[in-house]
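**Student:** If you want the building blocks of each chain, they are given just below.
Protein chains: 2
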Amino acid sequence: MQKRNLEVCLTPVLLPLYNIENSIVVVIDIFRATSSICYGIANGAEAIIPVAKVEECLSYKDQNCLLAAERDGQVVEGFDFGNSPFAYTEEKVKGKTIVLTTTNGTYAIDESRKRAHQVIVGSFINLDAICNYLRNQDKDILLLCAGWKNRFNLEDTLFAGAVVTQLGLDGFELDDAAYAAEDLYLQAKEDLAGYTSKASHGKRMQRLNLQEDIKFCLNHNLTDAIPVLVNDKLVKM
Amino acid sequence: MQKRNLEVCLTPVLLPLYNIENSIVVVIDIFRATSSICYGIANGAEAIIPVAKVEECLSYKDQNCLLAAERDGQVVEGFDFGNSPFAYTEEKVKGKTIVLTTTNGTYAIDESRKRAHQVIVGSFINLDAICNYLRNQDKDILLLCAGWKNRFNLEDTLFAGAVVTQLGLDGFELDDAAYAAEDLYLQAKEDLAGYTSKASHGKRMQRLNLQEDIKFCLNHNLTDAIPVLVNDKLVKM
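Residue numbers (my numbering), protein chains in the order written: chain A, 1 to 237; chain B, 238 to 474.
Okay, chain A solo, but in the shape it has when bound (with noise of 0.2 Å):
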């Protein structure tokens, strides 16, 4: 039996070296995108609309939508919140449909939307998830890491490495990136917390006193949902 190739892509700079026509494409921003996509997600939002694009968001006014918008860590100003998990509890956004832009993550669900077979979002939230659904598709797969503003972050491809170790290397081809990835997770999987507060993220996430959502983003399996792109909207799977 042919393998299936499993790859992970560490920045979306490196996107155009794969080939995803025939591929499910993970996309993975840990601190904070994708664990607050898979948690609103869960939570009962109908939708979240990621956009590339600050003024793409804003396009979005007056069609009852949430706006979500951050950069460099931050809400931006004038909108109704960013991607602080926090923000996409039941009370919040059951029902809702949310614009979402933030700095690296809806980056790479645009780049990877234009030729994969099929796109769908990771975090540690829905880890086990992931790694079971990945497990029964006939598809190549390529994790993505979203990275910070295009540079390798630690958090991404430790999540990478994270799906690699359960999926296992029986009936994958695994590539370079994902040894690498292996590896480095099962030296931080014990104390991710510990691990990532080197990471160059981490450390600007601690500036601004984010570590509530650090906290939460390393939590593993709260949940079963799977966001995945249909058309221009993640919606539950």
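For the record, the hints were derived by calculation from the structure and aren't laboratory data. Incorrect hints may have been included.
[Claimed, not checked] As a list, the in silico DMTMM-like pairs of lysine to aspartate or glutamate whose alpha-carbon atoms are at most 20 Å apart:
no. : chain 1 : residue 1 : chain 2 : residue 2
1   : A       : Lys198    : B       : Asp407
2   : B       : Lys440    : A       : Asp191
3   : A       : Lys3      : A       : Asp191
4   : A       : Lys198    : B       : Glu410
5   : B       : Lys473    : B       : Glu283
6   : A       : Lys92     : A       : Asp110
7   : A       : Lys233    : A       : Glu90
8   : A       : Lys189    : A       : Asp128
9   : A       : Lys198    : B       : Asp420
10  : B       : Lys386    : B       : Asp309
11  : A       : Lys203    : B       : Asp420
12  : A       : Lys215    : A       : Asp72
13  : B       : Lys452    : B       : Asp469
14  : B       : Lys470    : B       : Glu283
15  : B       : Lys386    : A       : Glu173
16  : B       : Lys435    : A       : Asp170
17  : A       : Lys149    : A       : Glu90
18  : B       : Lys290    : B       : Asp347
19  : B       : Lys333    : B       : Asp309
20  : A       : Lys203    : B       : Asp407
21  : B       : Lys435    : B       : Asp309
22  : B       : Lys298    : B       : Asp469
23  : A       : Lys94     : A       : Asp80
24  : B       : Lys440    : A       : Asp170
25  : A       : Lys149    : B       : Glu410
26  : B       : Lys426    : A       : Asp183
27  : B       : Lys351    : B       : Glu293
28  : B       : Lys298    : B       : Glu314
29  : A       : Lys203    : B       : Glu410
30  : B       : Lys435    : A       : Glu173
31  : A       : Lys189    : B       : Asp407
32  : B       : Lys440    : B       : Asp428
33  : B       : Lys452    : B       : Asp309
34  : B       : Lys440    : A       : Asp80
35  : B       : Lys435    : A       : Asp183
36  : B       : Lys351    : B       : Asp469
[Stated by the list, open to error] Derived list of chain A stretches under chain B, where covered just means 3 residues or more per stretch with a C-beta under 8 Å from a C-beta of chain B:
no. : segment
37  : 5-16
38  : 90-98
Ideal Cβ positions, reconstructed from N, Cα and C, are used throughout, including at glycine.
Since the structure of chain A is provided, determine the placement of chain B on it from the hints.
**Tutor:** Chain B alone, transformed into the frame defined by chain A:
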């Protein structure tokens, strides 16, 4: 005292994201370009001229140079040799100027020389010399992995990790990629050959029967020579 930046650029595609005007860039292409360049300079080559394209290499014909060209792991037809380190012995290269183009390494040199304060060439065979030199300069450091066709690769990242490990954290501000490289190296260092055997380029070289080249390129500290780019030529520092 202000800390110096110690960063790792995991593939040349990411180079535009880094400010390197005040940096020493260490170009890394372990299998095999930079290992062979270090070995050639150590063995008395007068200069090695890295060029990005095969045609550019050919234009040096009749100028009394050795012409070396490698693509996809093999010597390009019609050339004196490629980038196997065994072609860079003293008897072959002493006093000679070599014009070299390779799949990844020379591209990385070409991209970095446009902006960097200084470009030097690193490999396991001159690891200690590289680290001693870097330690004593008052410049930022960028470890530039040539990768494989612009993708991340394990062996270049491991060498970057070896440098980070030797330099230590004191006095340096690491980026996330530097932390990751260090941790991968610490995990792999007891058995670099075993670890890199899972690397895609390692497998590719095994298929091409280049095991002896791999083994050679993982030797540590065969020389103190450091190739440095002066104008368009790599010469002994």
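**Student:** Hints first: check each against the structure and report whether it holds.
**Tutor:** We went through each hint and held it up to the structure:
| no. | hint | in the structure |
| --- | --- | --- |
| 1 | A:Lys198 - B:Asp407 | 14 Å, holds |
| 2 | B:Lys440 - A:Asp191 | 33 Å, violated |
| 3 | A:Lys3 - A:Asp191 | 32 Å, violated |
| 4 | A:Lys198 - B:Glu410 | 11 Å, holds |
| 5 | B:Lys473 - B:Glu283 | 8 Å, holds |
| 6 | A:Lys92 - A:Asp110 | 25 Å, violated |
| 7 | A:Lys233 - A:Glu90 | 19 Å, holds |
| 8 | A:Lys189 - A:Asp128 | 15 Å, holds |
| 9 | A:Lys198 - B:Asp420 | 12 Å, holds |
| 10 | B:Lys386 - B:Asp309 | 9 Å, holds |
| 11 | A:Lys203 - B:Asp420 | 19 Å, holds |
| 12 | A:Lys215 - A:Asp72 | 19 Å, holds |
| 13 | B:Lys452 - B:Asp469 | 30 Å, violated |
| 14 | B:Lys470 - B:Glu283 | 9 Å, holds |
| 15 | B:Lys386 - A:Glu173 | 18 Å, holds |
| 16 | B:Lys435 - A:Asp170 | 14 Å, holds |
| 17 | A:Lys149 - A:Glu90 | 30 Å, violated |
| 18 | B:Lys290 - B:Asp347 | 10 Å, holds |
| 19 | B:Lys333 - B:Asp309 | 25 Å, violated |
| 20 | A:Lys203 - B:Asp407 | 18 Å, holds |
| 21 | B:Lys435 - B:Asp309 | 18 Å, holds |
| 22 | B:Lys298 - B:Asp469 | 17 Å, holds |
| 23 | A:Lys94 - A:Asp80 | 15 Å, holds |
| 24 | B:Lys440 - A:Asp170 | 18 Å, holds |
| 25 | A:Lys149 - B:Glu410 | 18 Å, holds |
| 26 | B:Lys426 - A:Asp183 | 13 Å, holds |
| 27 | B:Lys351 - B:Glu293 | 18 Å, holds |
| 28 | B:Lys298 - B:Glu314 | 14 Å, holds |
| 29 | A:Lys203 - B:Glu410 | 12 Å, holds |
| 30 | B:Lys435 - A:Glu173 | 11 Å, holds |
| 31 | A:Lys189 - B:Asp407 | 26 Å, violated |
| 32 | B:Lys440 - B:Asp428 | 16 Å, holds |
| 33 | B:Lys452 - B:Asp309 | 19 Å, holds |
| 34 | B:Lys440 - A:Asp80 | 52 Å, violated |
| 35 | B:Lys435 - A:Asp183 | 12 Å, holds |
| 36 | B:Lys351 - B:Asp469 | 11 Å, holds |
| 37 | 5-16 | holds (count 4) |
| 38 | 90-98 | violated (count 0) |
When each numbered hint is compared with the structure, violations occur for hints 2, 3, 6, 13, 17, 19, 31, 34, 38.
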